[in-house]
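Enquirer: Each chain is listed here by its residues.
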Amino acid sequence: MTVTPAPLLEIRNLDRSFGEVRALKSVSFDIGENEFFALLGPSGCGKTTLLRVLGGFEQPDEGTVMLDGSDLLSIPAERRPVNLMFQSYALFPHMTVERNVAYGLECEKVPKDEIRQRVGDVLATVGLTDKRSALPNKLSGGQRQRVALARAIVKRPRLLLLDEPLSALDRKIRAEMQMELKRLQHEVGITFVVVTHDQDEAMSLADRVAVMDHGEVRQLDTPLNLYRRPRSLFVADFIGTSTILRGRRVNAQWETPELPPLACGDDCEGALAVAIRPESVRLTSDSDASTQVRGIVSEVFFQGDHAIAQVRVGEVAFLVSIREGTLPERGASVGLSWDEGALIPLVEE
Amino acid sequence: MTSSAKREARRSTNSDGPLLRALTTIPALAYLLIFMAVPLVLVISYAFLTSGRFGGVRLPVSFESIARLTQPLYRDVLFTSILTAGAATLIAFLLGFPAALVITRLTPKWQTVALIAVVLPFWTNFLIRTYAWIVLLNREGLFNHALANVGLGPIDVLYTRSAVVLGLSYAYIPLMVLPIYASLQRLDPSILEAARNLGAGGWRRFRTVLLPLTMPGIITGALFVFIPSLGNFVIAELLGGGNSQMIGNLIRDQFLKARDWPFGSALSLLVLALLVIIVMAQARASRRTREWSA
Numbered sequence: 002m003t004v005t006p007a008p009l010l011e012i013r014n015l016d017r018s019f020g021e022v023r024a025l026k027s028v029s030f031d032i033g034e035n036e037f038f039a040l041l042g043p044s045g046c047g048k049t050t051l052l053r054v055l056g057g058f059e060q061p062d063e064g065t066v067m068l069d070g071s072d073l074l075s076i077p078a079e080r081r082p083v084n085l086m087f088q089s090y091a092l093f094p095h096m097t098v099e100r101n102v103a104y105g106l107e108c109e110k111v112p113k114d115e116i117r118q119r120v121g122d123v124l125a126t127v128g129l130t131d132k133r134s135a136l137p138n139k140l141s142g143g144q145r146q147r148v149a150l151a152r153a154i155v156k157r158p159r160l161l162l163l164d165e166p167l168s169a170l171d172r173k174i175r176a177e178m179q180m181e182l183k184r185l186q187h188e189v190g191i192t193f194v195v196v197t198h199d200q201d202e203a204m205s206l207a208d209r210v211a212v213m214d215h216g217e218v219r220q221l222d223t224p225l226n227l228y229r230r231p232r233s234l235f236v237a238d239f240i241g242t243s244t245i246l247r248g249r250r251v252n253a254q255w256e257t258p259e260l261p262p263l264a265c266g267d268d269c270e271g272a273l274a275v276a277i278r279p280e281s282v283r284l285t286s287d288s289d290a291s292t293q294v295r296g297i298v299s300e301v302f303f304q305g306d307h308a309i310a311q312v313r314v315g316e317v318a319f320l321v322s323i324r325e326g327t328l329p330e331r332g333a334s335v336g337l338s339w340d341e342g343a344l345i346p347l348v349e350e
Numbered sequence: 133m134t135s136s137a138k139r140e141a142r143r144s145t146n147s148d149g150p151l152l153r154a155l156t157t158i159p160a161l162a163y164l165l166i167f168m169a170v171p172l173v174l175v176i177s178y179a180f181l182t183s184g185r186f187g188g189v190r191l192p193v194s195f196e197s198i199a200r201l202t203q204p205l206y207r208d209v210l211f212t213s214i215l216t217a218g219a220a221t222l223i224a225f226l227l228g229f230p231a232a233l234v235i236t237r238l239t240p241k242w243q244t245v246a247l248i249a250v251v252l253p254f255w256t257n258f259l260i261r262t263y264a265w266i267v268l269l270n271r272e273g274l275f276n277h278a279l280a281n282v283g284l285g286p287i288d289v290l291y292t293r294s295a296v297v298l299g300l301s302y303a304y305i306p307l308m309v310l311p312i313y314a315s316l317q318r319l320d321p322s323i324l325e326a327a328r329n330l331g332a333g334g335w336r337r338f339r340t341v342l343l344p345l346t347m348p349g350i351i352t353g354a355l356f357v358f359i360p361s362l363g364n365f366v367i368a369e370l371l372g373g374g375n376s377q378m379i380g381n382l383i384r385d386q387f388l389k390a391r392d393w394p395f396g397s398a399l400s401l402l403v404l405a406l407l408v409i410i411v412m413a414q415a416r417a418s419r420r421t422r423e424w425s426a
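Which chain is which? The protein sequence lines are A and B, in order. 2 is the number of the first residue of the first sequence in the numbering used here; add one for each residue after it. 133 is the number of the first residue of the second sequence in the numbering used here; add one for each residue after it.
Treat the hints as calculated values from the structure; they're not laboratory data. Please note that a few of the clues may not be correct.
To be verified - Within a straight-line C-alpha distance of at most 20 Å, the following computed EDC-like cross-link-like pairs (lysine to aspartate or glutamate) qualify: (1) A:K132 x A:D122; (2) A:K183 x A:E350; (3) A:K139 x B:E423; (4) A:K132 x A:E109; (5) A:K132 x B:E423; (6) A:K132 x A:E181; (7) A:K139 x B:D320; (8) A:K26 x A:E350; (9) A:K26 x A:E181.
Turn these sequences into a full structure, and let the hints steer you where they fit.
Expert: Given below as structure tokens:
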């Protein structure tokens, strides 16, 4: 997705410290209109602080946030066109589903007829029309989430923030809700920002993902590019699995301790390390001339549609994804090969 | 006790043997029987007997004391007592709720300090604390000195109904703060943030979210203040002077001065009946709140 010339949200040089801890370190990026954006990172990376800054529950020490070209930070939380779906859902336990959803419109003093109309519509959209008179504690986890979502989108915000939207759901409902969120985002045409520590959640939902660590945005890209072209050791390690080989390029070859020199392209020049994804690696037979290294199978993890074999070459553990053929035995001696382009250069820590 | 705790208690006794159950419950039952049921039966029966010449009661059975309760004089005392206790409860709430709210916003360490400060007055004798108010409120006291300094007063607060209300709310305000603090503590802070996020200003958040969700604590606190206030006679005596009688004073006087035990008992029954009604109403209200507090 390309960023439109005038982005919906412009975040510039945000800084926020809690005592000694710098939760946000000069964070800057744009979010486009109608984009499905994800903030991804391990706990403590600053993504929740950023979310709370956007929601108005936290003020940054430095920096600006512009929404539709006007200053967002000077607007109090209760008047921002930004709604938040809380991780705990934070439904009002003493109000029915209908009253929970109507609450935000009542605050805006929307006429009663219009409230009834819009609440009815949004409950139909999330499929909860028959639960309109139920109290939240009579609902399942998935239904509660739908109420929380309905309560936020009924306000038609410019920006919808979702805090770990899928984390509290079990596996099956997660998959359902994931599709539901995608569908809703297309249907209601609101910009979604998901905050999560779960790479699957971010990668499957978002058009673009900002990977954060220690208060910094380490890389901002489409899920596909993040996976295929991680810039740093952190991103390569955090997203997906890979074998990481520290070393340097000498004479058009990747030199790493413990392994013979590996063929590598020009883009590896100046890299700190290279990463190899499991699906780029093939097991080879004894006679195969393409074999680059030989090792011993130490573990095999069966995962249904594929299996991951861990192959030890000296101190290095390679991961190999196997989609067809027979699975190797533990302890078997195997050859490994990959194409030259399989080495992903990593230029940052 | 919450409903889940009650269920838990019931389940654990059910799993024990009947002998153990009997052994553990009989002492408590016996205690209740001796110190609650027996006096209660005495009070009820005294109310329907004739007064003895020097106190005590004698036959025959009489409904005279009960009938006297309807006299306007006594009705008025009961009515003003309810108003006084009600005013004290309201003031305790108005001061206690913000206090409890502030305490929940403190760091855990300072919360402990604040809570100890709240109950600290209980470590001093009740009478001494009440006498202290006499010193503060009299014409030469600190209160009137402060007023004089800003060019006001003096005001005669001491020996008025206002002084009684003040004394009662002061005496029982910790009992208001603690249950409200407990229910605020249980409240998920993100619920208030959600209300704010949806566009509710401070007053609306208080009215539509904070107040209803802490209502069980507020009702408990209100009962803890109202019930002892209604029966209290020491504060009315010390701070209220001669014309601020409470129903408690009236009951005590019937036993100790007028030596009319049947009428004292009848008055006691009246207060008791009132409290039973209030507690039943509270039980009803808390049953409703239990529906949504999972």
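Enquirer: For each hint given before, does the structure comply? Return the numbers of the non-compliant ones in rising order.
Expert: The structure conflicts with hints 2, 4 and 9, although it agrees with all the remaining ones.
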